[in-house]
Amino acid sequence: MSFLNLNFMYIKPIAPELIITCIALILMLLDLIVRRKEVIALVGIIGTTLALYLTFKVYGLAGPQTVFNGMFVLDGYSSFFKFIFYINAILTICISLKYMEIEKAAYGEYYALLLFATAGMMIIASALDLIVLYLGIELMSLSTYILVGIIRHDTKSNEAAIKYFLLGGFSSAFLLYGASLIYGLTGTTNIGAIAAFISEKGFAGNQMLLLSMALFTVAFGFKIAAAPFHMWAPDAYEGAPTSITAFMSVGPKAAGFAALGRVFMVAFSSIKVEWSTVLIPLAVLSMCIGNIVAISQTNIKRMLAYSSIAHAGYALLGVIAGTNSGLSSMMNYMFIYAFMNIGAFAVVIMLRREGFKGEDLSDYEGLAKNHPLAAALMLVFMFSLTGIPPTAGFIAKFYVFMEVIKTGHVLLAVIAVLFSVASAFFYLRVVMYMYMKEPRGEVILTTSAPICIALAVTALIVIVFGIFPSSLLDFVSLAISG
Amino acid sequence: MEDIIFNKLGYPILTLTTFLPIIGALFILFLRNDALIKWVALITTIAVFIVSLPIYKHFDKTTYKMQFVESHSWIPLWDITYKVGVDGISILFIILTALLSILCVTVSWKAIQNKVKEFFISLLIMETAMIGIFVSLNLLLFYLFWELMLIPMFLLIGVWGGPNRIYAAIKFVLFTLAGSVFMLIGIIVLYYAGGKTFDILALSKVHYPLSLQAWLFLGFFAAFAVKVPMFPVHTWLPDAHTEAPTAGSVILAGILLKMGAYGFLRFSLPIFPDATRAFLVPMIILSITAIIYGAYVTLMQKDLKRLIAYSSVSHMGFVTLGIFTLNKTGLEGGILQMINHGVVTGALFLCVGIIYERTHTRVIEDYGGLSKSVPVYATFFAIFSLAAIGFPGMNAFIGEFLIISGAFKVRTIFGALSIWGVALGVTYMVWLYYRVVLNEVNPRIRHHLSDLDLREIATLTPLVILVFLIGLQPDILLSYMHTSVEHLIEQVNGSAHGQAYNFANLITQYIKEIF
Numbered sequence: 003m004s005f006l007n008l009n010f011m012y013i014k015p016i017a018p019e020l021i022i023t024c025i026a027l028i029l030m031l032l033d034l035i036v037r038r039k040e041v042i043a044l045v046g047i048i049g050t051t052l053a054l055y056l057t058f059k060v061y062g063l064a065g066p067q068t069v070f071n072g073m074f075v076l077d078g079y080s081s082f083f084k085f086i087f088y089i090n091a092i093l094t095i096c097i098s099l100k101y102m103e104i105e106k107a108a109y110g111e112y113y114a115l116l117l118f119a120t121a122g123m124m125i126i127a128s129a130l131d132l133i134v135l136y137l138g139i140e141l142m143s144l145s146t147y148i149l150v151g152i153i154r155h156d157t158k159s160n161e162a163a164i165k166y167f168l169l170g171g172f173s174s175a176f177l178l179y180g181a182s183l184i185y186g187l188t189g190t191t192n193i194g195a196i197a198a199f200i201s202e203k204g205f206a207g208n209q210m211l212l213l214s215m216a217l218f219t220v221a222f223g224f225k226i227a228a229a230p231f232h233m234w235a236p237d238a239y240e241g242a243p244t245s246i247t248a249f250m251s252v253g254p255k256a257a258g259f260a261a262l263g264r265v266f267m268v269a270f271s272s273i274k275v276e277w278s279t280v281l282i283p284l285a286v287l288s289m290c291i292g293n294i295v296a297i298s299q300t301n302i303k304r305m306l307a308y309s310s311i312a313h314a315g316y317a318l319l320g321v322i323a324g325t326n327s328g329l330s331s332m333m334n335y336m337f338i339y340a341f342m343n344i345g346a347f348a349v350v351i352m353l354r355r356e357g358f359k360g361e362d363l364s365d366y367e368g369l370a371k372n373h374p375l376a377a378a379l380m381l382v383f384m385f386s387l388t389g390i391p392p393t394a395g396f397i398a399k400f401y402v403f404m405e406v407i408k409t410g411h412v413l414l415a416v417i418a419v420l421f422s423v424a425s426a427f428f429y430l431r432v433v434m435y436m437y438m439k440e441p442r443g444e445v446i447l448t449t450s451a452p453i454c455i456a457l458a459v460t461a462l463i464v465i466v467f468g469i470f471p472s473s474l475l476d477f478v479s480l481a482i483s484g
Numbered sequence: 033m034e035d036i037i038f039n040k041l042g043y044p045i046l047t048l049t050t051f052l053p054i055i056g057a058l059f060i061l062f063l064r065n066d067a068l069i070k071w072v073a074l075i076t077t078i079a080v081f082i083v084s085l086p087i088y089k090h091f092d093k094t095t096y097k098m099q100f101v102e103s104h105s106w107i108p109l110w111d112i113t114y115k116v117g118v119d120g121i122s123i124l125f126i127i128l129t130a131l132l133s134i135l136c137v138t139v140s141w142k143a144i145q146n147k148v149k150e151f152f153i154s155l156l157i158m159e160t161a162m163i164g165i166f167v168s169l170n171l172l173l174f175y176l177f178w179e180l181m182l183i184p185m186f187l188l189i190g191v192w193g194g195p196n197r198i199y200a201a202i203k204f205v206l207f208t209l210a211g212s213v214f215m216l217i218g219i220i221v222l223y224y225a226g227g228k229t230f231d232i233l234a235l236s237k238v239h240y241p242l243s244l245q246a247w248l249f250l251g252f253f254a255a256f257a258v259k260v261p262m263f264p265v266h267t268w269l270p271d272a273h274t275e276a277p278t279a280g281s282v283i284l285a286g287i288l289l290k291m292g293a294y295g296f297l298r299f300s301l302p303i304f305p306d307a308t309r310a311f312l313v314p315m316i317i318l319s320i321t322a323i324i325y326g327a328y329v330t331l332m333q334k335d336l337k338r339l340i341a342y343s344s345v346s347h348m349g350f351v352t353l354g355i356f357t358l359n360k361t362g363l364e365g366g367i368l369q370m371i372n373h374g375v376v377t378g379a380l381f382l383c384v385g386i387i388y389e390r391t392h393t394r395v396i397e398d399y400g401g402l403s404k405s406v407p408v409y410a411t412f413f414a415i416f417s418l419a420a421i422g423f424p425g426m427n428a429f430i431g432e433f434l435i436i437s438g439a440f441k442v443r444t445i446f447g448a449l450s451i452w453g454v455a456l457g458v459t460y461m462v463w464l465y466y467r468v469v470l471n472e473v474n475p476r477i478r479h480h481l482s483d484l485d486l487r488e489i490a491t492l493t494p495l496v497i498l499v500f501l502i503g504l505q506p507d508i509l510l511s512y513m514h515t516s517v518e519h520l521i522e523q524v525n526g527s528a529h530g531q532a533y534n535f536a537n538l539i540t541q542y543i544k545e546i547f
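Protein chains in written order, with the numbering used here: chain A, 3 to 484; chain B, 33 to 547.
Hints listed in this document are in silico derivations from the structure and should not be mistaken for laboratory results.
Predicted, not measured: the structure shown is a model, and the values here were computed from it.
Heads up, some of the hints might be wrong.
[Claimed, not checked] If you want a taste of the chain A side facing chain B, the calculated C-beta under 8 Å gives, among others:
#1 Leu287
#2 Leu375
#3 Arg442
[What the hints assert, rightly or not] Straight-line C-alpha distance at most 27 Å; calculated DSSO-like pairs for lysine-lysine:
#4 Lys237/B to Lys371/A
#5 Lys408/A to Lys237/B
#6 Lys439/A to Lys203/B
#7 Lys106/A to Lys142/B
#8 Lys439/A to Lys149/B
[Claimed, not checked] Just the calculated beta-carbon pair ranges, DEER-fashion:
#9 Gly171/A to Tyr199/B: 42 to 52 Å
#10 Ala175/A to Tyr114/B: 49 to 59 Å
#11 Ile445/B to Leu413/A: 32 to 42 Å
#12 Thr321/B to Leu213/A: 50 to 60 Å
#13 Asp362/A to Tyr114/B: 50 to 60 Å
Where is the CB? At the ideal position from N, CA and C, for every residue including glycine.
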């Protein structure tokens with residue numbers, strides 16, 4: 003393929019990525035001219051919506067489109083994850099605007115970095131080659147490292163960024179080790195070609211393959227914050243600006259799952275038994291550590307960090323099922339998780355105001371008295387995160403349980419539901435503080451139009467998909483078939 | 033042969049009954065005036081009651097089939113349909129729920145002062161969930177309603193409850209959730225075992241291997257036993273009952289506890305008949321333990337509400353005993369006793385709530401001589417106490433009589449032990465009555481007392497009528513359940529494939545399969 007052949011046919015599948023990247027660049031330039039951050043944010047949202055529209059237009063249409071010599075693919079699987087990333091970016095921008103002003107860190111680059119990170123995630127989801135996958139992961143990670151530490155005058159934020167960066171670097175190294183081993187074995191980095199080579203040569207029991215799979219598990223385990231590779235998460239989540247905590251508790255995690263699903267289901271499809279044996283303890287440990295340690299947290303961001311570790315465990319169950327419908331259940335889980343988690347963080351952000359952190363659980367005491375609506379929304383998100391119907395969180399868990407039980411992992415499902423009972427304790431504690439205690443001091447909420455919209459959208463989705471999930475389920479099943 | 037009769041009324045009567053409270057709740061959401069909110073809540077609950085009346089009028093008592101069935105596709109991916117219907121077992125609980133909900137609103141009229149809006153919204157959501165449970169013909173729909181209750185009940189206990197309310201609320205949720213997640217797993221396993229359907233009627237036609245039945249029975253048992261509550265997992269109940277506001281206690285005692293027992297009737301018995309027979313003796317022993325242990329613990333209570341709460345453990349033991357006798361007398365007695373217990377214990381909690389509003393104490397020692405200062409109240413209290421004892425001519429007598437005669441048919445010893453429970457019941461109730469109503473007027477509460485006002489009399493009167501109506505004319509209710517209960521017994525015994533009705537056989541077979 004000569005350079006001149008790069009016609010529109012090759013551009014079309016990567017149009018959303020291009021748009022996001024261009025918008026990110028434009029935002030950086032715009033920051034020089036425009037003083038008002040609202041404009042920058044708005045342009046960012048419009049650009050993301052445009053990309054969303056483009057992805058939506060091709061979603062569910064027949065057949066995957068592969069470009070760049072099979073390195074990049076536009077298929078239902080990647081498109082579905084891209085929806086999660088778009089939504090994640092848009093909602094994060096919505097909840098950031100006012101908040102970053104309060105944190106005195108209202109930089110225009112913030113929005114550009116959000117979009118760069120999003121572009122990285124999109125590349126991860128579409129990568130059909132380990133090198134492209136690595137590129138995507140680095141683009142995403144580097145942008146996120148900066149975003150975590152963007153409150154320069156806050157030592158906690160800096161510490162979080164450094165921690166995240168160092169451990170993130172390690173995990174990237176693991177990924178590269180894994181990729182090089184696989185290359186040494188098969189002579190290719192193309193995910194599809196790897197699978198073909200392995201099955202053709204009968205390499206299924208090969209030690210190098212297993213080692214490579216283990217290394218990939220470490221790398222992806224880090225990205226999705228699954229125990230025992232979760233150590234960075236609580237500190238990074240607590241130190242990062244709350245909006246970024248929301249952003250990275252959803253985006254990079256979903257991207258990690260996208261990569262995990264693709265690499266393990268395609269490249270390592272011949273050693274399904276082995277990798278599901280490795281992933282089961284990972285999932286159990288994540289649910290255990292996430293849900294148990296969250297009980298003892300008093301900082302709500304830290305608590306939600308542990309909760310996000312636990313949710314990684316639940317979503318992993320879908321991968322462990324090792325079927326296409328299992329993958330669907332994992333994708334469905336991440337989609338719903340995006341809304342409920344960002345919704346919860348949006349409420350957390352509203353408590354932050356000049357001179358008041360609002361991160362301690364006790365700050366929620368009596369919230370229902372003065373701010374019944376905010377408390378009611380938080381209640382919905384907390385019950386959804388617990389997985390109690392009629393919220394979408396239940397549907398998410400239910401789908402995953404359906405899939406693991408279908409493949410015979412009944413005991414695993416029993417363990418999962420038991421930990422979800424344990425999780426009820428700390429989620430409900432937030433509700434308990436809001437509704438059953440008297441307010442200590444007056445809590446003033448910082449509200450703005452964008453954050454209200456974000457809350458309305460997330461709450462609506464969580465409730466509507468909790469009661470009428472079938473349209474969402476159809477939408478997810480398109481991802482695997484189309 | 034189709035087991036259902038579709039709704040012929042021309043409008044979706046069950047759906048309307050189920051979701052009318054939610055509509056009322058949505059309406060309340062936009063109101064600001066507390067007085068108006070109360071009226072809307074009252075009108076909604078009364079409307080639900082009126083809307084449900086045609087169900088009894090048009091109900092065909094001669095068939096066990098599900099009636100007024102509505103079926104709509106809901107989640108096609110898992111073949112989940114929104115399917116509702118009633119039969120002779122579930123129909124009575126709808127009227128009980130509708131009636132008690134009205135009383136819950138009236139009794140909370142003055143008692144609830146803060147967060148009035150949230151209170152009545154929670155109450156109405158509860159009503160939808162409760163009716164929903166009794167009409168669901170789809171397992172997942174059932175489970176959704178089952179869990180939907182958690183949120184409003186958590187708030188009812190935790191926000192408007194007594195001093196120790198937070199502990200009680202969290203304990204309630206954790207216990208219930210821990211039980212019901214096992215049922216969730218059971219539901220999913222059953223889905224795959226029963227041919228990928230959540231339809232209760234379809235699932236009950238499949239014959240499952242005994243070991244699977246046993247595991248599933250235990251899974252469902254975990255959920256139902258916590259709700260009933262049966263003996264070892266009853267500890268959440270005294271706390272929840274005691275701390276809940278009056279309306280919450282009434283709902284808990286009146287309806288929520290019935291859901292567990294209803295679950296046994298609707299799922300455990302028809303879907304796992306072999307396992308039910310295998311576990312029969314342990315179930316009966318647990319029931320009798322609950323009756324006697326519950327009664328003894330009731331005897332030593334110092335707190336009015338706690339006493340009645342523990343008496344619920346004992347009374348619900350009768351219900352489960354009746355169910356697991358697996359004969360017509362016992363089963364009908366069990367179902368009737370569920371209604372009776374809802375009426376009587378609900379009424380007793382109302383009485384306690386009414387007097388608590390005046391005295392602000394629940395300690396029995398603080399009371400005494402109520403018959404002198406509040407004679408009308410004392411009369412009502414006397415009627416309900418006698419009813420709780422099982423006084424002939426009142427409703428609980430019929431229920432307990434049927435249950436005990438059913439128990440005698442199984443083994444003489446079971447019947448004899450349950451009579452011992454009745455005797456203990458008389459002891460604690462009469463002693464309570466003596467301490468609270470008779471005796472000298474306790475100076476500590478003398479100044480707070482005023483007799484019942486019209487609203488309170490109106491709240492209690494319907495229950496008095498029910499007490500005597502069921503007591504004297506039990507066939508009004510029993511006639512609804514005859515055919516359904518007969519069909520249920522057929523289902524439980526029908527799948528035995530000619531095997532002898534022998535627990536020991538089944539247990540040894542089960543043990544063999546495990547090891």
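Hint-by-hint comparison with the structure:
1. Leu287: violated (20 Å)
2. Leu375: Cβ of leucine 375/A sits 10 Å from chain B, so the hint is violated.
3. Arg442: The hint is violated - arginine 442/A has no Cβ within 8 Å of chain B, the shortest such distance being about 16 Å.
4. Lys237/B to Lys371/A: violated (51 Å)
5. Lys408/A to Lys237/B: Satisfied, since the Cα-Cα distance of roughly 21 Å is no more than 27 Å.
6. Lys439/A to Lys203/B: holds (17 Å)
7. Lys106/A to Lys142/B: The given pair, whose Cα atoms are some 50 Å apart, is violated under the 27 Å limit.
8. Lys439/A to Lys149/B: Holds: lysine 439/A and lysine 149/B sit about 17 Å apart, inside 27 Å.
9. Gly171/A to Tyr199/B: 42 to 52 Å: Hint holds: Cβ distance 47 Å, inside 42 to 52 Å.
10. Ala175/A to Tyr114/B: 49 to 59 Å: Roughly 53 Å apart at Cβ, these two residues keep to the hinted range, so it holds.
11. Ile445/B to Leu413/A: 32 to 42 Å: holds (39 Å)
12. Thr321/B to Leu213/A: 50 to 60 Å: holds (57 Å)
13. Asp362/A to Tyr114/B: 50 to 60 Å: violated (43 Å)
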